[in-house]
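Engineer: What follows is the residue order along each chain.
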Amino acid sequence: MGRYRPVQVLLVDDSPDDVMIAQRAFRASRVVNELTIARDGHEAVELLRRASNPPELMLLDIKLPRISGHDVLRQVRADEALATLPVIMLSASQRQEDVTESYRLGANSYIQKPVAFGRFQEILEIFATYWFEVATLPE
Amino acid sequence: MEAQDKPTRVLLVEDNPGDARLIRELLVDAPAWALELLLADRLQTALGLLTSGSVSVVLLDLGLPDSQGLETFLSVHACAPQVPVIVLTGLDDEAVALRALHEGAQDYLMKGGLDSGQLPRAIRYAIEREQAAQAIRENENLLRTVVESAPIVLFATDREGMISLCQGSGLGAVGVAGGALEGRSAFQVFGHYPDLAGAVRRALAGETHAVTTQLGDVAYQVHVTPARDARGLIAGMIGVATDVTERTNAEARLQRTIGDLQRKTSELESFTYSVSHDLKEPLRTLEAFSQFLLEDYADKLDEQARDYLERMGRAGVRLRQMIEELLVLARVGQRFEELVRVDMQELVRNVVSAMQVAVDEHGVRVEVDRDLPAIAGNVYHAEQIFGNLFGNALKFNRAAEPLVRIGVRSVANGRATFYVQDNGIGVDAEYHERIFQVFQQLHKREEYEGTGAGLAIVKRAVEALGGTVQLESALGQGATFLVRLPVWEAGRAARTQAA
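Taken in order, these protein sequences are the chains called Z and D. Take the first sequence: its position 118, counted from the start at 1, is 136 in our numbering, and no numbers get skipped. Take the second sequence: its position 371, counted from the start at 1, is 427 in our numbering, and no numbers get skipped.
Treat the hints with care, as some may be off.
[As the list claims (entries may be wrong)] Listed next, the in silico EDC-like pairs over lysine to aspartate or glutamate satisfying Cα-Cα at most 16 Å (straight line): (1) Lys-81/Z <-> Asp-334/D; (2) Lys-81/Z <-> Asp-116/Z; (3) Lys-81/Z <-> Glu-337/D.
[What the hints assert, rightly or not] Label pairs and their in silico Cβ distance ranges: (4) Leu-155/Z <-> Phe-348/D: 24 to 34 Å; (5) Arg-92/Z <-> Gln-493/D: 36 to 46 Å; (6) Leu-350/D <-> Leu-155/Z: 30 to 40 Å.
[To be verified] A few chain Z residues facing chain D, derived, Cβ under 8 Å: (7) Ile-39; (8) Arg-42; (9) Ser-111; (10) Ala-134; (11) Phe-135.
Read the hints as simulated data drawn from the structure, not as lab findings. Since we're looking at a predicted model, the values are computed, not measured. Positions of the beta carbon are idealized from the N, C-alpha and C atoms, including for glycine.
Looking at chain D on its own, in the form it has when it is part of the complex:
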C-alpha cells in the first residue's frame, strides 16, 4: 500500500562494496516494487541520511569503519527509533544480532544466505511490523493519556488480586501517584476499606457490581467486573472508580433541602391550623353576643338595627365557613403515611347520598359508572375530592335538566382518570388555573353561596394522594373535572397488610 504512495527508501549501511553490490542486485530484481536504495558506508553518513530523509527501512551491517557491533545498532535506533532496522550479519556474530533484536531491531539476516525472494520479503515484513507496532504504541499512548487524565481511577488485578494497573487523575484526590500501587496486593492496599476489598473479591469470584465508598474526603463509586481470558476463565478483575463526591454532596444538600421544606410545610400547616383555630374563639363570642342582642333587645331594636345585626351575623357565618375550610385545607395538605384500598364505587355512592337533599331540591339527575376502580389512598382525601367536586357540580348548575355524571375515563400505567361532569354554567378557559386557588370566586356572592375554598381543597387532596386534577370546560358548556389517582394494586395490598 505504501508502495503506491511513495517509493520505499531502503538505506543500506554497508562498507563492503561486494556485499553492497550483491544486495543492490537482489533488490533490483524485486518485482513491481518502487524501491529507492540509499547507500552509506559509514555510521556517520547513515545517521546523516536518517535525520534528513524519509527512510523506510535500514539494512544495517554492524561492522563499520567508525562503529562496531551492537553500538552500531544502538546509534541507528536512537537516531530514528520509528524506522525499522534489519541487521545484516555474518556467521560469526549471530549472538550480537540477537541482542540487537532484543534492543528493538525488527529482524536479522545472514549475509551468506540472502536471495531475491527472501530479502524483499524481509524488508516488507519489517516495515509492516514496525507500522503495526507503531499503531499499537499510538493506541497505548492515547489510552494512557485518556486514563491518566480522566477524573477516574482505573485499576486491574490478576486472579490473585495483585494490582497490574492503577492509573487515572482521580488518584490525585487521594494523594496517590499513577502506577504507584502496581505490583502490590489489592487486599493489602484496600485493607482499611472493606467495601473496596470486598468488591475486588466479588469481582474475582465472577460478579459484576458497584459499591460507593468514602476514601478520606472523596466519595468513589466503584464498578468492578471480572476480566476473563480467551477460554472464559477469570484471569483477574477490572475496576473503574469515579469520583462522586460532588454528586454525593449535592444529593445530601438536596435531601437536607427537602427535609427543611417538609418541616416548613408541616410547620406552616400546623400554624394555619392553630391560627384558624384561635380565630374561631373571638368569632364564637361575636356570634353569641349578637344573637343575645337580637334575643334580649328585640323590642328595642328598629328595622335598621336588626338589619345591621343580621348583616354582622351573616358575615360571622361566612367567616366561620372560611375558617373551617382553612382548617380542612391545612389538614388535607398532610399526607397519610399509609395508603389503603379505597373502594371508589362505595365512596362515590356515599358522597352522592350525603348530598341527596340538594340533589332532590335541584332535581338533578346523577349518573355513576358501575366499574370505578379502587384507588390507593385514604377515604378522607377521596371524600374531600369527590365531595367538593360533586357539590360544585350541583351548585353551579342552572340547566333546565341538570345532569351530573361521575365515572372513570381510562386506567393506564397504574393511574385511573376519574371524571366529574356536569352540564352547568362552565368555566371560561381564562380561569382554569385560578379557580384552584383558595378563596377565588368567579361569581357575585348573591349568585352562588360558598367561600371559594372547595377547589383549593380538591387540589391539595389530589396532590396529597400523588395525583393530578384538571378541568375541561368552556363558559356555558358545562364542566368536566378530571382527577388522576393511583389505582390500588394487589401487590401493594399484601405489603400494606403485612406492615
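Isolated chain Z (complex conformation):
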C-alpha cells in the first residue's frame, strides 16, 4: 500500500522473538513505517526524550524488565512534551485489570498479542489503517 504518511513507531518489547515477529508482521502488512526498538522501559523513555527524530507513536508491552509498561506510560503522561503521544499497549495479557489500568493511565488503545501470527498480521493492518490513515496524530 505505502500510501500512509511515514510515521516513526517505537516498539517497546524485551523479547527478541516477539520483536522479530512484530517486525515481520509490520513487513507482511506492508506497513512501511520505520520501527524503532527499545528493549526496556528506561531505554524507551530515554529514546522518546532525546531522539533527534522522536517517535510519533509507541507500541508498549506491559511485562518489561526493571520498569513496567504501566510505569513507562505514567512517566510519558506526566511529561509535558510527551503527554499527547499516542500509546498503544501491546500485551499478551487478557487480564481485565491490565486493560483497565492501561486505559486509566492514559493508553489510547489496547491490543492483545494474538497467538497466531496470521491474526497478528491482520490486527496490525487494522491498526495501521486506523492510526496512519484515519486518526490525526499530533504534530
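Since the structure of chain Z is provided, determine the placement of chain D on it from the hints.
Structural biologist: Showing chain D alone in chain Z's frame:
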C-alpha cells in the same frame, strides 16, 4: 392400696395403759383394714421397734417415762424421718403439739376426743400425705441432681428480677457455686453483661428469646422465657444457659478453614490463569517461527520436512486450545458475587445460532422447548454450560438424522432441570463420572477433534451457579445431559436491583 400388699403397722407409743387400751379398741373396730398394732411404753422401746421393723405410722404420746415434750417427737422423727408421726396430746399441751407439727409431724389428735371414725382416717391421711411428700421430695432430688449435674445453668427470677434459683454444673466454668447467686438481683449480678441483663428484662416483659454471650472464656447460649402464674400474669422468668464454647470454637475453626480453602482455591485459579498465560508466550514464538520456516524455506524443504513441520504446527494448535481451555476453566470456577436474571430462551437461541455453521454442515435438526424458565446466575457461566453441551451434542453424533433437543424437564423447589439431548454415539455408564474430568477423552483424536476440557468446564460452571449436572446415557443410545440450576424468583429480582 397399701393395705392389700401388707398390713399397716401402727406403732403406738403410750405409757398410759388406759389410753393404750382405748386406742386399740378404736382401731380394732376399723372396717376392712389389715392393721397390726405394736405397742411401746417408752421412747427407747419405740426407737428399737422403729429401727427394726417396717412401721407405717407412729401414734406418739409426748409424755413418756424416759422422754418428755417436743424432745420425744424430735427423737422419733430423727430416728425414722420417712415414717409419719401423729402426736397424741392432752388438752394442756396443744402448743407443744403445734411445734411438733412445725418440725415435721403429720398431725396431732386430742386424746379426749378420739373416735372410731376419726382415728383410722387420721392414720390413713398421715400415711398418704407422707407418701405424697416423699414422692415430691424424690422428684425434687431427681430434678436437683439433674440440674446440678447438667452442663447447663438453670436460673429463675421473680418479677422484680431477684434470682430465686441458680443451679447447674455449667456454673463451675465461670467459678460460681450452685445457689450462690440466689437472693440477689439478676440486674446487679449481670451488670457487666448487658446482653444477659437485657435478656432477663425482655423475658420479664413477656418475650421468649435467646442470646449468645461470652462470660470470660465461656460462650453461653441463653434461652429465656417468662414464667406465668395461674392467672397467666408474669410471675418471673426462667433462663437456661448452655455452654456453647466448643460449638462456637468449632464454628470459628470451620469458618477459618472455609476462608483458607476459598483463598487457596482462588490462589490456585489465579495460578492456573497466569501459568496458562505464560505458557502461551513461548507457544506464540514456536508457532510463528515454524510458520516462517514454512514460508521462507518452502523451496528448500522436502515432503518429509514439511510433514514434520505440519505435525509440529498441529501440536501447537492443540496446545493452544488446551491452554485457552485451561484459562476458561480457571475463570469459570470463580463465582460471580451478583446473580442476575438470565433469559434461557434467549441464551439457548444465541448458543444455537453461534453454531449454525456446524448445525447446517452436519444437517442436524435442533428442537428447543418454548417455555424455558429464566435462571438466577450469569450469562458467562450459562453460555459455557449450554455452549459446550450443545457443541458436544453436534460433535458426537453420527446418526443418519442427527437430532438435538434442548428443553426443561421439570421445575421444582426453586430449581429447573434443563436437558440437552442428542441421538448420537452415547457414553458407556462406566465413563459417566470420568468424562467430567479435564482433558479426558474417550475417543481417538482422529475420530473426534477437541481437547476434552468441555465437560470439565460445564461441571465447573454449573457448580459456580450452585447447580448440578448429570448424564443419562448408554453406548449407542444417545446422551441426555441434565443440568439443574436455580430459577429466577421475583423476590430475588427486587433484592438484586435494590443492591
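Engineer: Determine for every hint whether it applies to the structure shown.
Structural biologist: Each hint tested on the structure:
1. At most 16 Å may separate the alpha-carbon atoms for a hinted pair to count; Lys-81/Z and Asp-334/D meet this at roughly 11 Å.
2. Proposed proximity of Lys-81/Z and Asp-116/Z is supported: the alpha carbons are some 10 Å apart, at most 16 Å.
3. Straight-line distance between C-alpha atoms of Lys-81/Z and Glu-337/D comes to about 12 Å, which keeps the hinted pair within the 16 Å bound.
4. At roughly 31 Å, the beta carbons of Leu-155/Z and Phe-348/D sit within the given window of 24 to 34 Å.
5. Taking 36 to 46 Å as the suggested C-beta distance range, the pair Arg-92/Z and Gln-493/D conforms, at roughly 45 Å.
6. Distance hint check for Leu-350/D and Leu-155/Z: the Cβ-Cβ separation is about 36 Å, which falls inside the suggested range of 30 to 40 Å.
7. For Ile-39/Z, the suggested interface contact is upheld, since its CB lies about 5 Å from the closest CB of chain D, less than 8 Å.
8. Using the Cβ-Cβ criterion of 8 Å, the hint placing Arg-42/Z at the interface with chain D is satisfied: the shortest such distance is roughly 7 Å.
9. For Ser-111/Z, the shortest C-beta to C-beta distance to chain D is roughly 7 Å, which falls under 8 Å, so the interface hint holds.
10. For Ala-134/Z, the shortest C-beta to C-beta distance to chain D is roughly 6 Å, which falls under 8 Å, so the interface hint holds.
11. Restraint check, Phe-135/Z versus chain D: the minimum CB separation of about 4 Å is within 8 Å; hint holds.
Of the numbered hints given earlier, the model fails none.
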